[in-house]
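Could you put the whole structure together from the sequences, leaning on the hints where they help?
Read off the chains here:
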Amino acid sequence: MNEYVGLAVSIVLAAGITGLMVVLGSTLGKKNPSAVKLSPFECGQEPFSLPMGRLVVKFYLTAILFILFDVELVFLYPWAVVYRTLGFLGLVEMGVFLSVLMVGFVYAWANGALDWK
Amino acid sequence: MNSTAGVADLALIIPELILLVTALALILLAPRIRRGPAAAVGTVLAALAAALASAWVLPSDTVTGFGGMITQDGYSGFFKILIAAALALAALLSVRGSDEDEDEDEAPRGEYHALLLLASIGMMLAVSTVDLLTLYLGLELMTICSYILVGFHVQRPTSNEAAIKYFLVASFASALLLYGISLTYGLAGSTGFATVASALSAHDPGRSPLVVVAILLVLGGLAFKIGAVPFHSWAPDAYQGASAPVAAFLAAGSKAAGLAALGRVTFVAYGSAAEVLSLLLAGLAALSIVVGSITLLAQTDMKRLLAYSSIAHAGYAILGLIAGTPAGISATMTYAFFYVFMTLGAFGVVIALGKRGATLDGYKGLAAQQPVAAALMLLFFLSLTGLPPTAGFVAKFVVILSAVRAGHMVLAVLAVACSVISAFVYMRVAVYMFMREPEEPAPSRWPVAVSAALAVAALVTLIGGISPASLMSWAVAP
Chain H
1 MNEYVGLAVS IVLAAGITGL MVVLGSTLGK KNPSAVKLSP FECGQEPFSL PMGRLVVKFY
61 LTAILFILFD VELVFLYPWA VVYRTLGFLG LVEMGVFLSV LMVGFVYAWA NGALDWK
Chain L
1 MNSTAGVADL ALIIPELILL VTALALILLA PRIRRGPAAA VGTVLAALAA ALASAWVLPS
61 DTVTGFGGMI TQDGYSGFFK ILIAAALALA ALLSVRGSDE DEDEDEAPRG EYHALLLLAS
121 IGMMLAVSTV DLLTLYLGLE LMTICSYILV GFHVQRPTSN EAAIKYFLVA SFASALLLYG
181 ISLTYGLAGS TGFATVASAL SAHDPGRSPL VVVAILLVLG GLAFKIGAVP FHSWAPDAYQ
241 GASAPVAAFL AAGSKAAGLA ALGRVTFVAY GSAAEVLSLL LAGLAALSIV VGSITLLAQT
301 DMKRLLAYSS IAHAGYAILG LIAGTPAGIS ATMTYAFFYV FMTLGAFGVV IALGKRGATL
361 DGYKGLAAQQ PVAAALMLLF FLSLTGLPPT AGFVAKFVVI LSAVRAGHMV LAVLAVACSV
421 ISAFVYMRVA VYMFMREPEE PAPSRWPVAV SAALAVAALV TLIGGISPAS LMSWAVAP
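From first to last, the protein sequence lines are chains H and L. Start counting the first sequence at 1; every next residue gets the next number (the working numbering). Start counting the second sequence at 1; every next residue gets the next number (the working numbering).
No wet-lab data here; the hints were simulated from the structure. Note that the structure is a prediction, hence the values are computed from the model and not measured. Mixed in with the good hints there might be a few duds.
[As the list claims (entries may be wrong)] Here are some chain H residues the structure puts well away from chain L; computed CB gaps all over 12 Å:
(1) M21
(2) G25
(3) T62
(4) L76
[To be verified] Derived, one-sided and incomplete: chain H residues facing chain L with beta-carbon distance under 7 Å:
(5) V103
(6) Y107
(7) A108
Virtual Cβ for every residue (Gly too), placed ideally from N, Cα, C.
The following block contains the structure:
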């Protein structure tokens with residue numbers, strides 16, 4: 001049970017400090033609202049929009065290519081961890097794996113997946 | 001597992017490797033072979049090499065590799081040859097005539113054949129694995145390639161619709177299979193067939209409902225792959241929307257792979273729950289045979305007709321598995337073998353006749369215009385009905401015999417009765433071909449490759465009917 005005391009303390013502290021800041025800000029702060037100030041802030045993006053909006057279909061191909069390299073990385077990482085125990089054969093196997101993946105990439109490239117037309 | 005075993009294990013998947021190298025080469029060369037039969041020739045050669053590689057190891061003992069995931073035995077060799085044959089015939093049937101107008105689909109041939117090859121690799125993995133997760137992987141490889149193949153003609157709306165439907169329903173079925181696998185893992189602590197079998201034999205399925213649920217889910221997922229009722233709804237739409245060679249490949253190859261997986265899973269992994277299994281399989285078989293044969297009566301589109309026929313045939317093939325004995329499995333293997341050739345043959349005639357072959361009415365008076373095509377269609381439909389002297393008779397005979405031996409008399413009678421019902425449909429085509437006046441002009445000539453595929457299919461259908469023992473002696477249970 002003891003190990004949860006620290007967790008409880010930090011939750012109480014976090015809630016207390018944030019609550020204090022919100023309460024102090026809303027009671028002591030100067031209020032001068034305008035439409036822009038009241039809008040939610042998200043790095044210049046429109047934070048809320050209906051999902052009916054159109055998206056350029058070209059992003060789809062980019063996403064697929066991203067997955068190609070993502071999968072590659074997912075397999076490369078554990079391979080790198082045990083690289084020394086796998087030895088030379090591990091290197092060859094990873095080479096085969098990468099070249100199979102690259103066939104897909106070359107195919108996509110040759111068919112114009114990278115041309116932003 | 002040391003790393004030297006890794007290289008030796010590759011010998012177990014030589015047929016798959018041959019297909020893989022060909023598929024990769026086709027993908028790289030795809031821009032150069034947009035047209036023409038080059039890709040088909042490559043695919044057929046690869047399929048032949050894969051079949052030879054499988055046959056070479058056929059009589060040898062069981063070898064297991066890849067950490068107990070992949071096995072090589074007579075069972076996997078048998079089905080690998082069958083899958084390679086289905087691949088070769090489907091590739092031959094995909095060759096288009098030079099005089100056919102190809103304005104409606106600019107289907108790239110290199111990619112098409114690469115997908116056929118990759119789907120076949122998935123099938124071969126599924127028939128040679130002894131681990132539930134690798135089984136899932138193999139079946140998914142097969143199914144994902146099938147989605148693309150079904151929706152391959154991007155310009156054709158029916159093709160897109162079929163692909164979307166197939167994708168949605170098949171994803172659901174895959175989820176069922178995975179859920180069943182996860183429950184099995186929870187019960188057995190492993191996904192290897194042997195471990196699952198020994199762990200489940202400690203459970204009494206009557207008292208442990210979780211075992212039944214796991215079996216139900218796995219069976220449901222696999223029944224989907226072979227298109228057995230009530231998991232059949234995707235088949236007619238997918239076959240109709242797909243081009244005829246793709247439909248033929250799905251009907252033959254994926255059904256053979258699904259049956260092989262079902263056979264090994266029910267016999268090896270869940271063998272200890274034999275009573276539950278035989279009940280569920282009998283239900284699947286009865287539903288598939290009855291629903292398939294009766295809905296067959298209403299079909300006028302040839303691809304839909306063959307789709308419902310394939311549903312009914314899935315039911316017949318399951319009859320052999322109900323007994324749960326090596327003899328029963330071997331009956332199902334025989335059924336799968338002959339079914340692949342007769343259904344590819346029937347699809348082959350549909351493909352050979354082009355647009356005219358697509359509907360039932362197109363067959364009116366065919367015998368007067370194209371006696372060879374009509375005779376071949378008659379042969380394949382006699383075989384699908386199950387009449388001697390064709391392979392279909394032998395196939396139906398062995399599975400129904402197996403059901404009778406297992407004590408399922410009612411089921412056997414049902415199967416025979418439904419054969420008679422379906423005979424009405426198959427023979428109606430024969431009546432159209434031989435006893436009606438032609439209404440449409442004679443179809444144009446079809447490519448040599450299609451003739452070759454038809455000849456092979458007809459040969460196996462005839463030899464299988466006349467001297468079945470020569471082919472059936474290979475069919476040994478795992």
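Results of checking the hints against the structure:
1. Consistency note on M21/H: stated as away from chain L, and its beta-carbon is indeed over 12 Å from all of that chain's, at 46 Å minimum.
2. With a minimum CB-CB distance of about 48 Å to chain L, G25/H clears the 12 Å threshold, and the non-interface call stands.
3. Remark: the non-interface label on T62/H is consistent with the geometry, its nearest Cβ contact in chain L lying 20 Å away (cut-off 12 Å).
4. Taking the minimum C-beta to C-beta distance to chain L, about 18 Å, the non-interface status of L76/H holds against the 12 Å cut.
5. Against a cut-off of 7 Å between C-beta atoms, the interface hint on V103/H holds, since the closest Cβ of chain L lies about 5 Å away.
6. Given the 7 Å rule on beta carbons, the hint for Y107/H holds: about 5 Å separates it from the nearest Cβ of chain L.
7. Hint status for A108/H relative to chain L: violated, with the closest Cβ pair at about 10 Å, above 7 Å.
Violated hints amount to a single one, hint 7; each of the other numbered hints is respected by the structure.
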